[in-house]
Amino acid sequence: MTMKLPKKTIFIKPWCLMGFLLLLCNPLASWAKTDPIIVDQVVKTISGTISDENGEPLAGATVIVRGTAKGTLSNNEGGYSIEAEAGDVLFFSYVGYTQVERTVGDQSKIDVALEPDYAQLDEVVVVGYGKQKKSHLTGSISKVTNESLDQIPMSRMDDALVGQVAGVNIQSTNPAAGEAPVIRVRGQGSISFDSNPLIVVDGIAVGTDADFLSSLDMNDVESIEVLKDAASSAIYGSRGANGIIMITTKQGREGPTQFSYNAFVGVKSVPQNDYLTTVDDWLQYTRDNNNGELTERLQYIEQLGTYTDWQDVMMDGGMIQSHSVSARGGTKSTSFRAAMSYLNDEGVLLTDNFEKINFRLNLDTKVSERIKFGVVLNPSHTEQRRFPIGIHDAVRQNPWLPLYLDENNIQYVNRFRENGRWAGAQIGDYAMERMFDDYDLAAAMPSEGSGTDISGTSNQSALAKVLERDRRKFQTKIFANSYLNINLTDDLFFRQTVGGDFRYTRNTRWAGIEASRNGPADSESILDNAIQFHTVYESTLNFNKTMGEHELNAVAGFAYEQWNRNYSELEAAGYDFDNIQTIPAANLVGGESSAAQEGLVSYLSRINYVYGNRYLLSISARWDGSSKFGPDNKFGFFPAVSAGWRVSQEKFLRDNEVIYDLKLRGSYGITGSNSGIGEYDHIGLISPVGTALGGNATGFNAVNISNSALRWEKLVETNVGIDLALFQGRIATSFDYYIRTSEDLLLDLPIPSVTGFQTALVNKGTVENRGFEFELTSRNVASDNFSWSTSFLLTHNKNTLVDFAGASGLISVVDSKRPAEWIAQEGYPISSFYGYVVKEDIPLEYIRDPFFPINGQSQDIYVRDLNGDGIIDTDDRTFLGSPYPDFIWSVNNILKFGNFDFSFMFQGSQGAEVRNISSQYIKQEFSSNQDYNAEFPDGDLVVQRIFTNDDIQDASYISLRNLNFGYTLPRVAVEKLRIKKLRVYLGAQNLLYIMSEGYEGWNPEGIDQGLGNPLTYGYQRGPAPIFRTLSAGVNLSF
Amino acid sequence: MQKLIYLSLLSSALLVIGCTERLDLAPLSAIGENGFYKNVTEVEGAVIAIYDGLQDVPQREFALTEMRSDNTRTRSSEGDWAQFESFDVEPTNTAIAAYWSANYNVIFRANRVLENLEVVNSTTLKSQFEGEARFTRALAHFNLVQAFGDVPLVDQVIIQTDSSYFDRDPVATVLSTIAADLSAARTLLPATLDYGRATSGAASALLAKVMLTQGDYAGAEGVLNELTTSGAYALEASYRDVFYNEGNGEVIFAIPYLDDDANESQDFSFEMTAGGAISGLNYMTDEFLAAMDPLDSMRNDVLLSPAHPAEGGKFLTQSADARLCGNDWIVLRYADVLLLQAEAIMAGAPSTQDLDAIAAYNEVRERANLSTLAVDGSETLTREMLLFERRYELAFENHRFNDLLRFGVAESVLSEFAANYSFPFTATDLLLPIPQGEINVSQGKLSQNPGY
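If you read the sequences in order, they're chains A and B.
Numbering follows the working numbering, in which position 514 of the first sequence is assigned residue number 514; successive positions increment by one, without gaps.
Numbering follows the working numbering, in which position 239 of the second sequence is assigned residue number 1277; successive positions increment by one, without gaps.
Warning: the hint list may mix true and false statements.
[Unchecked claim] Listed next, the in silico BS3-like pairs over lysine-lysine satisfying Cα-Cα at most 30 Å (straight line):
no. : chain 1 : residue 1 : chain 2 : residue 2
1   : B       : 1483      : A       : 764
2   : B       : 1076      : A       : 634
3   : A       : 980       : A       : 332
4   : A       : 70        : A       : 332
5   : A       : 131       : A       : 651
6   : A       : 70        : A       : 366
[Unchecked claim] Distance windows between CB atoms, simulated:
no. : chain 1 : residue 1 : chain 2 : residue 2 : range
7   : B       : 1079      : A       : 529       : 29 to 35 Å
8   : A       : 933       : B       : 1333      : 35 to 41 Å
9   : A       : 404       : B       : 1339      : 38 to 44 Å
10  : A       : 591       : B       : 1253      : 47 to 53 Å
No wet-lab data here; the hints were simulated from the structure.
Heads up, the beta-carbon is just placed ideally off N, CA and C, and yes, glycines get one too.
Build out the structure end to end from the sequences listed, making use of the hints.
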């Protein structure tokens, strides 16, 4: 493996580079002309063999003479030969093994045995605009290599990353099929907007919404790097503040074409629980507590004799299947990987479903020794059908309510009520509660106003609400990227990238005439279309040079990105037919279209410098100019510096038997977030507004207050870390401590309405996140036939609202009908649950009808007089908890024995709370039957449960998140079938999922309302349940 | 090959130079405010925008004026809405915050017009626009002062740093500014304009009501006499037609909406009527039902929903979508004016035998086919009769609470009503709390009403 200089030195015209106003240009010019030093001395041939720790020969290991371009590879028997002279130092290396150096003396034969590098210090990590050796990292970056992530039976790739990276919290907030989780890297930094990390796919920043991850196929993913500290993400400037998830897809590879087929099929289900009582159990409970008697209503229910397990009906389970086919290969000059995949996830809810088709081509080709280009093309289509109501709504039905009318229960339908609304009821109709009201028990027939009522709601049955609605999201995406790489000299290359992504999103929303109690008057169909075309142009110059003890790696570049967005919507209502769900002109009630553009211009540069493989320094800078920023702050500057000291490379530790690697790191950086700013928010906008005045005159109204200083949210972060690997890296740990200060936060600051506006978008306020991350990987056993490794991740983050721009103490509610409160107070997390503290239940004797409805309990409850003034008023409210976990952790074990492999991961979260309003529905807390009666003396000492900590529940959980048990068929057996590899496996997800005792619901991670507003985070009103999946899969390659 | 290299370097260099100007992008679906309000069309656009703002005001106004009275209640006693029926409105109530901001938004839009009038070169249009702006500004201030008492008076466009405007001004000051705006609007406005836009008649009717609130009975009487003798307005023959024959000659000022229009429909019709039996706002109280005159069938048939006995029937929607209702909201109508006229003549006395007062009262009764008082000086019109008439003639048109206040009987009537339900009513409940959110951001300038 020898390298040659190009025959011609390329002359760089200064004007060609005038855009790169960068530090690098001058040194480049001089260094580029440096010729290698050639000295004539006595040269001899050194030969030997390279083997692994067990003495097995290593083929393809590298031997390099230090300080020269001379190098060679070992042959199949591990043998090598190279020309060197006495005093030269030879480097022997092999991927996954520790590099060894030997000084040439008198001998002509040098045999070496390489030890495995368990800590994988030579592993290459993808960083922003480049790559770096893991041992040289100075920031906080975690890498996840896709070894078996594609076997996790989830429809989205981000769901498979749970528990894989310290510092990253991935929460299944509403895990219906295809629905995105919430991802937070080192906590919530923004007060007004979500804090989603930037997603970068093969170098293209596709945005901070998790949308893009729904269509990627994990089988196509090579690795995922998460840039966590500001110093690492500052190279992404005004978009780096919430961390960066960098996804690298699998490239082509030189060699004969290899085909792979990976597939799994899984069965999904929701574990049963006992939140909902059965009719029989409730009758028993009543008899036990009511002197053996049933109330009149319960007598009627007993006579009716119907029972529906609503959880069973609504969480009916599902199947997931995934098929992925790929071909990978190439010649010396051209390599490719082409893949196609299909996934169908039925979801565990009655109607939810997700389908994905994905195509991909990665192609790289060398035009000449100096010029290389390549493309990535990834079209995809997804279709998601959503469960149209909250789980709370689905399970709030009285358990006596049948699904449909049948021969028996139709006799109880009251045909007189509500002006004969159900006079025409027929077998097969949806049953609804009100139909069964007003029944004369004595006469055993429906009554005309004097009978017994058993309904709890006038709503249409949940079954009709679900089946008669249809909500879908269709997405068509095309991701494309192309690059041209030109090696200008041996050390310097220029790279031009043109790429982008196109997204077409169509949402449809249909409610038929039976979906609501109001019939046709509530029917609707809504269609919206969103198109986004995002283009990226990037030019970079990269310089890499090693001179003696100095290693320099630099990048400088320019980027321009543009987004064109178009949106249109049609709205229709008043359908009196059910057979068409699209929008006829006759039913149109509204529609509009809008368009917007965004531009981003960036200049970036970074220098990484290493001295003596010991001292590491990285300095980067980026300038971002965005059309979204106000004219006073058009460009933002985002600098970062980080440094590291590889103590283990110092003489005093170099040959230490125990300490294999020890590195101290520190970083400081400034980065930003611009995702909360709309395209034209800094401009005072005048928008057309309609009226119903004569001729439907259109007016023009000011819709916001202009802000010429509007700019990015700014993150300043200090990170210190230590990496320690022991015993050849068999035990590797790393610890990071960080302080992240998010400043200049975008606040829709409430302003006095007397101005005509309620809010003004300003940059004010400060939030701090501080915490630590700990990672430990231990190769417990590593022998040929048996290996076992364990890794442990622990993350702690503390969120504090430091400065709320004068609005400290702000109380927010999500829902004015259930105005449970959140408080945002300086010194506390951004959102804290606020309210009263429960003292005790109201005794049953004071409840109007304590046995109706089934599973019911009182709406009100005694609360504590916290300030002791004898009365219960708003001064008795207090902080009730916070939705952010104290700790998240995971323990992953991977075992291999012979042809079997086994892995399992426990993962958990501790210390978060949720406001779980589902209890209100499960326990029918709004029923007037459960109100206190006239004899109750303490009406002023009770408040509604929703205002108390009764609904604040511990959201901690421990899960056996993933489990995988595989068997690889012996090579001899499959080779007969001309198969390279055949592995079959069984997998399980959430086989165990232990919720805290105080939690009452189906998903402690669930958060399904107010998600976009951090001030009211942590509200559950029927999120999709956590489910269990049992799966079987196959990996085949030939 | 060399060409390829040069070409790519050149193109990237050009990109660097060419791109920075692409950071100055003009909005595509709106207009930047610099450079707007430059001609008469654009100023008229701003005038029309006031009416768009007005559409938000009546949406939940019934909670403040009907549910917070003895007329209606909620069906389900849930959340914020239940606070009104039990006279226990919290400063954090979202409906009062929305009412506050909707009215100040109208005031802002009106002030925007007033500050940009110079570019209107037609004097006719200029005075019309000024009249429309001053009328709507007065209407919004009047809504606020009735609900909250002392409120900030905003007579020009202000921004969030103009904290001198955040203080509460005394009711009397606010009312006199409102009266000044309306007096000016009376002369600035033409007698007729497109349906839904302010006219001199609308300004007169509102001015009279403001004067009555101020206790200026003589002034009110003068304005009302002028209005009733002008012949510009008359009662509809059928009470039902007042509400279901939109744009009829009884209506003096209304806020129009369209059926089945995602932007120009309202949903108070749903909440006040068909929504009543279910989720239930504006559901009739037993007291209201009990006091109904069984002979008053023309009005009762409209007030009660045919679907449900205690459900409102006045604004039944004609739309296909239950919540996209097009019923126009009547702010001022002639029957109101006639009863105001009787009230003005009565001038705060417990009764009157004035024939003009009785004639005005009779006109309203006659339309409803109800008994009238003799116009020979033998019969007396009492305040109770007048209040009763207003209660049923104008039921669910958001007059009840303010009428009780103006008649000076709010405390006695409502405390008696509250006692029936053990609602904790006190005199301080006659003013709503200032929305807590507004107090929080007022830099200490806004004080809370007593009792909250």
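Going through the hints against the structure:
For a cut-off of 30 Å, the pair hint linking residue 1483 of chain B to residue 764 of chain A stands: about 22 Å separates their Cα positions. Between the alpha carbons of residue 1076 of chain B and residue 634 of chain A the distance comes to roughly 28 Å, so the proposed pair stays at or under 30 Å and holds. Between residue 980 of chain A and residue 332 of chain A the CA atoms are separated by roughly 22 Å; this keeps the pair inside 30 Å, and the hint holds. Straight-line distance between C-alpha atoms of residue 70 of chain A and residue 332 of chain A comes to about 21 Å, which keeps the hinted pair within the 30 Å bound.
Using a Cα cut-off of 30 Å, the hinted pair residue 131 of chain A and residue 651 of chain A holds, with the two alpha carbons roughly 28 Å apart. Under the criterion of a C-alpha separation no larger than 30 Å, the hint pairing residue 70 of chain A with residue 366 of chain A is consistent with the structure, at around 23 Å. In this structure, residue 1079 of chain B and residue 529 of chain A meet the distance hint of 29 to 35 Å, their C-beta atoms being roughly 32 Å apart. Against the hinted window of 35 to 41 Å, the Cβ-Cβ separation of residue 933 of chain A and residue 1333 of chain B comes to about 39 Å, which satisfies the hint.
For residue 404 of chain A and residue 1339 of chain B, the hinted distance range of 38 to 44 Å is satisfied, since their beta carbons lie about 39 Å from each other. In this structure the supplied range 47 to 53 Å holds for residue 591 of chain A paired with residue 1253 of chain B, their Cβ-Cβ distance being about 51 Å.
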